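Participant: Sequence:
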Amino acid sequence: MGYRPSASCFACKARKVKCDLQKPFCNRCTSLGRQCPGYADPWTVVHRQQNASAAHQVQVRVAKRLKEREVSWSAAPSGRGGAEAGESSSSPESQKSSDSSEEEVVVRRQSTIPRAVHQDTVVYSMRHFHSNYTSGDEVGFFNLLFDLKPPKDSPGVFEEAIKATALASSSFQLCQSGMMNQAKQHYGKAIAKLSAALRNSDQAKDDSVVVAFLTLGLFEAIIPDKTPSKIASHCRGSLALLRYRAEQGIATSLDKASLAFIAQLGILEIFVGQEGRSPILTGLTQATWAQDGVVEPLIARAIDYKYKVQSTMAALSADKASVEEVTEVFETGIAVIRDLQAAANYRVAFPAPRETKPDGTEVGLNNFNGLLGRRTEASDALAKGLYLTVRLHLVEQVFSLLIALGEPTREQLGSLADLPHGLTALEQVCEQIRVVFGFDGRDSVCRRQGLGFQAWCMFWPMISVLKSPLADDDTRMWVLDKCLRVSRASGFGMAMYQMGWFNSQGPDGGAAPAAQ
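One point on numbering: in full-length UniProt numbering, the residue at position 119 of the sequence shown is 119, and numbering is uninterrupted.
No false leads were mixed into what you were given.
Beta-carbon label-pair distances, calculated as ranges:
1. Ile250 / Glu325: 46 to 56 angstroms
2. Pro420 / Ser6: 32 to 42 angstroms
3. Ser6 / Asp153: 49 to 59 angstroms
4. Ser233 / Ala335: 35 to 45 angstroms
5. Asn181 / Asp137: 29 to 39 angstroms
6. Lys205 / Cys175: 36 to 46 angstroms
7. Asp472 / Asp41: 14 to 24 angstroms
8. Asp137 / Glu431: 23 to 33 angstroms
9. Lys152 / Ile250: 12 to 22 angstroms
10. Arg199 / Leu66: 53 to 63 angstroms
11. Glu377 / Arg199: 44 to 54 angstroms
12. Ser131 / Leu413: 51 to 61 angstroms
13. Lys205 / His421: 50 to 60 angstroms
14. Ser195 / Lys320: 45 to 55 angstroms
Simulated from the structure, these hints should not be mistaken for lab results. Remember, it's a predicted structure, so these values are computed and weren't measured experimentally. By construction, the Cβ of each residue, glycine as well, lies at the ideal position given by its N, Cα and C atoms.
Sequences are here, hints too, so could you generate the full structure?
Facilitator: Structure (structure tokens):
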């Protein structure tokens, strides 16, 4: 591969010397005893926006060519007169006047640009949405969005729902209010067709109706309301429909993928939601009709421990918790935190040991609640980030209990000997954010996945770092900057945070411990 000066480190680029491109620090700088300042952020290089002046120059050139065509069409000069006209047009005075007239043409054309054809807008948005949310066969629900082919006699609700979601996503990315108006129109049509389909028992069994329910939930996440009630409403509707399908004996792999998607939203709601609980996930875990359960045992242990800490803190405030009970809570938390670290490192924590079925699949593989297959480097990095995020939440819970306890006993301090450092747990989540998106000089592992899909998977880790009582101001500013950059480039993410969905005071919805 040839040498590219633009890829050099900042020091070699400034000195105009050849850089060996060794990362994170080039050998040329280190051999000279200098500190290498590093390389340009790959994110900035790949996703840099076009310069405003460059855009203006392009518009001027386009206007110039269009004007030349109009002149050539209106009158074709010939003989000496044409030559003299060509010579006079090349003079500095005429060139200056030509440039000014071209700028006037640009302004006039910008003010009279006709509206884009509606069908072209939809087609463009659908293509853009496909590339933005492609999961590389990692998450079943996102595969359904693009692989599902409804029959001709389908209610048509899925087609309207996917168009509405695609237009909304493109509207945020391209700052096109017209697309948002079209998105809301298709959303209204989807709701009307969905209501009609649910009144027909035969149409309610159609696969496209189930996927349409959750697609509308994704639409609400992209353009959120002041509360996530509409997403919860769509999730409850899809759960009722999935239960009906299970009772009718027509549940398929589509139902399993939909359940994993809903469970992911419920777990997110428990750990970073305003109230710290999820009625959707509670009803889902108690559903006897769900195939093979919907919550991974390790994640269920983490959720139970969160509630256990809350009840123990309430008992401490009422002087009803014994020393032995608090010590047992500490020991249970350390065990779950240790297993989450093992699951993040691709080792099976529960059950063990790992077994392989005849078809090659692995029994007990920690794939984060069946959401990710962990067959590729990308899915492994995403799953690791999610497991480490749950681990960070539990570390915060242990610290919260320790602060509420005040003066721990020697036995309790001994049980906390294996508790990881809070800043270490926080930095591990930040490192996974860098690895997934390619921030701070890292190479992104998600090359086959769209940026919108990456944002959907890593939105929880980024919000958790932003809300963590263990994070200092610099870390919060760092992750907030990354959230904004990802949100602008993908059209997903920060809108929910800005609407105040996660403005609880602490990670459990109660008072947060002070970050010392």
